[in-house]
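S.K.: Sequence:
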Amino acid sequence: MKKSRLLIVLAGLAVFASGCGYSTGGEDSTVTVIEATPTPTATPTPEATPTPEVPEATPTPAQEVAQTASGVNIIKQNATYYVVEGVNVRSDCSTEAEMITGTTVGQELTSTGVSEDGQWIEVTVNGQTGYVNAQYVSTTAPAGAAAQTTAQ
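Taken in order, the sequence shown gives residues -25 to -1, 1 to 127; the numbers are from mature numbering (1 follows the signal peptide of the UniProt record, and there is no 0).
Worth flagging that the hints you see were computed from the coordinates, not collected in a lab.
Being a predicted model, the structure only gives us computed values, none of them experimental.
C-beta: ideal position from N, C-alpha, C; glycine also.
Any given hint could be a false lead.
As the list claims (entries may be wrong) - Quick list of simulated restraints, FRET-style, between CB atoms:
1. Thr79 <-> Pro27: 57 to 67 Å
2. Ala44 <-> Ser113: 42 to 52 Å
3. Thr114 <-> Gly77: 12 to 22 Å
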């Protein structure tokens, strides 16, 4: 009798154990997935970049301006011009002004200024300041003409 009781107790335990939630993974089983949330990593705060100092602007030099006897403003600037057609060098910026000397094609003239309207070139010829009409001179020597340097 002891054996039969033991068998009954073992059978009861087997039935009881199978009903305690143990599953073999059948259709009715539920799987719960737990996703871990990662711990955020602190981002270092960047250091501020210093603003570079802006250098002071170099002032633009004012143009030097002189006035002729007749009141024409001459902007002072040095340049070299070449006579492209014979022109008279005059004492002022006018075709009515006194003639100082004449020029020849290809002659090199040393300029010391230009009228504000660009119509007259201030030149130095034989130590004298004079003016020539801009349409008769160029900053480029004429082709085939040998440049003649004016004495200063």
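S.K.: All hints are to be evaluated individually against the structure, with a verdict given for each.
M.R.: Checked hints:
no., hint, result
1, Thr79 <-> Pro27: 57 to 67 Å, "holds (58 Å)"
2, Ala44 <-> Ser113: 42 to 52 Å, "violated (27 Å)"
3, Thr114 <-> Gly77: 12 to 22 Å, "holds (21 Å)"
The structure shown violates just one earlier hint, number 2.
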